[in-house]
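Asks: The chain contents come next:
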Amino acid sequence: MAAQPLGHSATETRHMFLNMGPSHPAMHGIVQLIVELDGERVMGCDVEIGYLHRAFEKESERGPYNNVMPYTDRLNYVSPLINNFGFCLAVERLLGIEVTERCQYIRVIMSEISRITDHLTCIGASAMEIGAFTVFLYMIKAREWLWELVEAVTGARLTISYGRIGGVKADLPEGFAEWTRRVLEEVRKVVLECDTLLTRNRIFADRMQGTGIISKERAISYGITGPFLRGSGIVLDTRKSQPYFVYDRMSFDIPTGEHGDNYDRYLVRMEEMEQSMRIIEQALASIPAGPINIDSEGRVLPANVMVDEAKMGQVAGFKQVRVTLDPTLQGSTRGPHEAVYSSERRVALPAKEDTYGNIEGLMNHFKLIMLGHGLRPPAGEYYSAVEGANGEVGFYVVSDGGDRPYRVRVHPPCFAIMAALPELIVGDMLADIIPTFGSVNMIGGELDR
Amino acid sequence: MNLAEAIRQRFPQHVIAARIFRGQQTVVLKREGLLDVARYLRDDAAQYFDMLMDLSCVDYLKFGTAQHSAPTLVTPSPLPYYMTPRPVTETWERGVSNDDYRFDLVYHFYSTAHNHRLRVRVPVAMAHTTVPSLTGVWASADWYEREVWDMFGIRFTGHPNLRRILMYEEFTGHPLRKDYPVRRRQPLIGPMN
Chain A
71 MAAQPLGHSA TETRHMFLNM GPSHPAMHGI VQLIVELDGE RVMGCDVEIG
121 YLHRAFEKES ERGPYNNVMP YTDRLNYVSP LINNFGFCLA VERLLGIEVT
171 ERCQYIRVIM SEISRITDHL TCIGASAMEI GAFTVFLYMI KAREWLWELV
221 EAVTGARLTI SYGRIGGVKA DLPEGFAEWT RRVLEEVRKV VLECDTLLTR
271 NRIFADRMQG TGIISKERAI SYGITGPFLR GSGIVLDTRK SQPYFVYDRM
321 SFDIPTGEHG DNYDRYLVRM EEMEQSMRII EQALASIPAG PINIDSEGRV
371 LPANVMVDEA KMGQVAGFKQ VRVTLDPTLQ GSTRGPHEAV YSSERRVALP
421 AKEDTYGNIE GLMNHFKLIM LGHGLRPPAG EYYSAVEGAN GEVGFYVVSD
471 GGDRPYRVRV HPPCFAIMAA LPELIVGDML ADIIPTFGSV NMIGGELDR
Chain B
9 MNLAEAIRQR FPQHVIAARI FRGQQTVVLK REGLLDVARY LRDDAAQYFD
59 MLMDLSCVDY LKFGTAQHSA PTLVTPSPLP YYMTPRPVTE TWERGVSNDD
109 YRFDLVYHFY STAHNHRLRV RVPVAMAHTT VPSLTGVWAS ADWYEREVWD
159 MFGIRFTGHP NLRRILMYEE FTGHPLRKDY PVRRRQPLIG PMN
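In the order they appear, the protein sequences are chains A and B.
Residue numbering for the first sequence follows this note's numbering, beginning at 71 and increasing consecutively.
Residue numbering for the second sequence follows this note's numbering, beginning at 9 and increasing consecutively.
Simulated from the structure, these hints should not be mistaken for lab results.
Every value quoted in this text rests on a predicted model; they were computed, and no experiment measured them.
Some hints here could point you the wrong way.
[Unchecked claim] Below 25 Å or equal to it, Euclidean Cα-Cα: the simulated DSS-like pairs (lysine-lysine) are:
1) B:K38 with B:K70
2) B:K186 with B:K70
3) B:K38 with A:K211
4) A:K128 with B:K186
5) A:K286 with A:K310
6) A:K259 with A:K211
[Stated by the list, open to error] Residues on chain B that point at chain A, a partial pick, calculated with CB under 10 Å:
7) G31
8) K38
9) L42
10) Y109
11) V114
12) T180
Note that the Cβ used here is the ideal one computed from N, Cα and C, for glycine as well.
Chain B on its own, in the form it takes in the complex (with noise of 0.2 Å):
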């Protein structure tokens, strides 16, 4: 059995749903349920995911939306064929609504004495930004949720010092959220005239 269905098995109120894509197992937590199946992941013999190896977000505001065009473009005309926006026929399959969730938190787990990896997803609402955090369980948390914060503005419940990592205090915004504008400059940023 692999490791996404038992996790299913064990917790079926918390589990959104469980694939395989590539080879690569995901799960998709409530995240009511991930402070519980993180320590089960930690501690459960068969599972035993020792390291929290990577913490990271996607913004899932503008997916499959994309035009597919220069961003500097400026054209009167309508745009040809190829750069008009496709339609959006099917967003990729989360588990949930598309409406009610624009982030996703995503875990990657690894197991030193199993050697298998597995992936946690957690979809987060924009309404209410908040996650427990994961500090208590592994260390490397501290500083992953620390830039997720920073980079992305999701909050993390019971983290010890959750400040921005990468940007300065004064920082407004979250850079990496798909509505920041790349270009976007801060007056902290760049020539002092």
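So here's chain A without its partners, still in its complex pose (with noise of 0.2 Å):
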């Protein structure tokens, strides 16, 4: 029997290399995290970010500047509104317009209505992944509430497109105020139950606690921002900070953590989603109305008949009447254009109304729609942050003074989260990545865009 070298024991011990994903339960999208494993704990990790690109910069520089929209739907199909006014401002910004104030009390309500979408799935979602499903359902119901809004008011759900630039689609329904302020009750109260069922859950918090640390200095070198970096402590908020839209006229505090593990993430959101819910309500009640110019005399159209009425001329009184679409197209030409477009008529596109009606809604719609005409910003550009759900939104628009934009650059939040991910996953445990990338809420669609 040959001699067994030295130091050879017939046990070795060694670190293991774990893949999870690309589709593991925990990871919406296409992301893979290969681990290094010492029995249970992390010891290094590298993460891979999927392939799901649909191209979105390079898309967005061939179409005109509105066809950019119903991509930025995409890049957070959760919160697509902020996406969509992010957008919007930068191109205004760099054109040098302001919307009016209607729409941009809108635009506030719409987006604090998608941070609450937001925060209920994400953290519905993470609660899931480590074992609360009751949770999950319950803030689904919630958010089924406040999809039905937003599909009131833009017609769809998700791919809602319902960002203009100059503008948005549509005004809003009638009733909405009433509406929102009963949904509003209504999630108060699954907020509540949730609260009930996780913040002094033992497992939940034992679960949460510790795990996933990040400290002040690494995040912010990090460039992390939103839910993420207020879990660590820092006071930071673009809608505080360098306010857009009329967020200087809410008032609403920005909670922070102070351990920055995946408890006080939690903690961070959940608070948020009542802050938000205080914006709306502010906004609702103190929401200007536009100039109304229309139903002057209570009439409702089809749009069809409208069409062929106006095929045979007979447009008079069309700005005072209002149009019914079907469901589809909900919202499209609903009701007082005016209020919610800037005046800007070489930007905002016309009402439908006019289009349909008169020639110079007509000549104004094909010169902003017709190639080699339309939106034509300055050579220029612009960089507009936006608090999305997740951090900061940033667009960074270039143009070189034709009607596609040159450029367009997408500041996606959990961009940043995802590179500090190794540094958060690193000397847990192999279990804690699953609470610590579920406060991460990565969205494929902004991550590899």
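Join these two chains into a complex; the hints should help.
Replies: The structure is reproduced here in structure tokens:
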């Protein structure tokens, strides 16, 4: 029997590499974590972000400015309204125009509704991933009510394409304020219920407290923004620090944590939902009525009838008429466009009543839609930052003076957080990856665009 | 005094131009000076840009010369007047001549303490597309620089791990360059047959 070489034993100890993903249940997207394990402890990690590309930035260069809008929906499909308005804001500031006050209020209200749906999804999903399935169902139920609101306003639930450069697609529907207040009451009850289920739950707290810690300094160095940064104790919110729309008129607080762990980020998100509801209620109470120039006769026309009449030249009084559309198009021709659109005719698409109803509207529409015409910001660049549900959503738009953006760059908030992910999970246990990853709130659409 | 002017006075040899457009400050830097200015931006008490918020790149290959018509439009007759390419009267002032340079790296800094922003642009020539890496100054530079390398093919010297990040390793070319066709397919994408 040959002698064994010195130092060789029957068993050996070495680190194990484990691939998590590309389709781990906790991973909404095609992300892959290659973790190096010592037993159950994570010693190292390599993050591969996936191949989901819809080539947002490249596609944006192809068409006119307003054509970018549907693509921005898909960056973050849980709170697409914020993306819409972020892009609109960048182009509007590049053009140097301001939308109407009513429109700004609408944007604030819809952004905050989106923020609530985003947080509900994030908390619900991460709670589900660590076993609290009931919470997920409750929160999705509440999100459903909010999405019904979104649907009533925009005509769609996820891919809403509601923003327009110089305005929004349509005004709020009738009875929206009352409906929203009712929904918010219900959402509050759900949040309270989930708070009762989770916040002092021993299992939940044990899994969330002390995991996924990041210090203030590292979070800033990684460029992390949003609830994630505030969980580390930094009071930074674009809505407060560099207000846009009418956020400077709203009173709300910025919740912060102090430990920078998963539990603090959970608490921050829970509190932010309440703050968002505060903002919505204030905005609904103070939203100004736009110039009302419709419905003086109380007439309602189906859209096809209106088009037919316009073809026959019977256009008298069209601007006073409200149009009913089939539900898929709901909102696109609803009522007082002047209230929600900028007065800049070289920028804002005219109301469909005008497009169908008079030659000036038709020309205006064509001049904005036809190839070689359209919206032409001056050569220059603008970086606009809005506070997305996940952090700062930045749109960097470069114009060469043409009718399509020369370059559109998105600053996605979860990109920075994913970059910090190895640092967050190294040293923790394998099972801690799940709550940490949940609190990252990775959105594949904005991560790899 | 605005921030850009302060940088220009401090580093006159590195700064090509400083300007304000729509209320946003921009400094155009030579790439040799990037690292020095970056450290100054982070550490100086008046500047104190502790966040590298964003890093992107613009390919100026077709700036101001794009034909404003449908890319798929095929017409035997001469293009109508509104579709013909507009003459390049002036490209947007970058502080450097258009013949030599092609890319601009665009850094967006943010200061949490002072709540101000600054944009730094670094023109890069096609001939030597290497830029010093800022990974040692801000941790966020790591992934952003990988992304710029992936999308534009600009190399960062001193980056610890300059791999592709959005595309797969076998991908050839850099998709966000203006000369990369939108509809080009690569062998690993698409149906097997």
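Asks: Confirm or reject each hint.
Replies: Cross-check of the supplied hints:
Using a Cα cut-off of 25 Å, the hinted pair K38 of chain B and K70 of chain B holds, with the two alpha carbons roughly 22 Å apart. Proximity of K186 of chain B to K70 of chain B is assessed by CA-CA distance (about 7 Å); at most 25 Å being required, the pair is judged to hold. Between K38 of chain B and K211 of chain A the CA atoms are separated by roughly 55 Å; this puts the pair beyond 25 Å, and the hint is violated. With a C-alpha separation of about 9 Å, the suggested pairing of K128 of chain A with K186 of chain B holds against the 25 Å cut-off.
Distance check on the hinted pair: K286 of chain A and K310 of chain A sit about 19 Å apart at the alpha-carbon level, within 25 Å; holds. For a cut-off of 25 Å, the pair hint linking K259 of chain A to K211 of chain A stands: about 12 Å separates their Cα positions. Contact between G31 of chain B and chain A, as hinted, is supported at the beta carbon level, the nearest pair being about 8 Å apart and thus within 10 Å. Because the smallest distance between the Cβ of K38 of chain B and any Cβ of chain A comes to about 20 Å, over 10 Å, the interface hint for this residue is violated.
About 18 Å separates the beta-carbon of L42 of chain B from the nearest beta-carbon of chain A, more than 10 Å, and the hint is not met. Taking 10 Å as the C-beta contact cut-off toward chain A, the hint placing Y109 of chain B at the interface is violated, the least distance being around 15 Å. At its closest, the beta carbon of V114 of chain B sits 7 Å from a beta carbon of chain A; the interface hint therefore holds under the 10 Å criterion. At a threshold of 10 Å, the smallest CB-CB gap from T180 of chain B to chain A is about 15 Å, leaving the interface hint violated.
Violated hints for the displayed structure, listed by number in ascending order: 3, 8, 9, 10 and 12.
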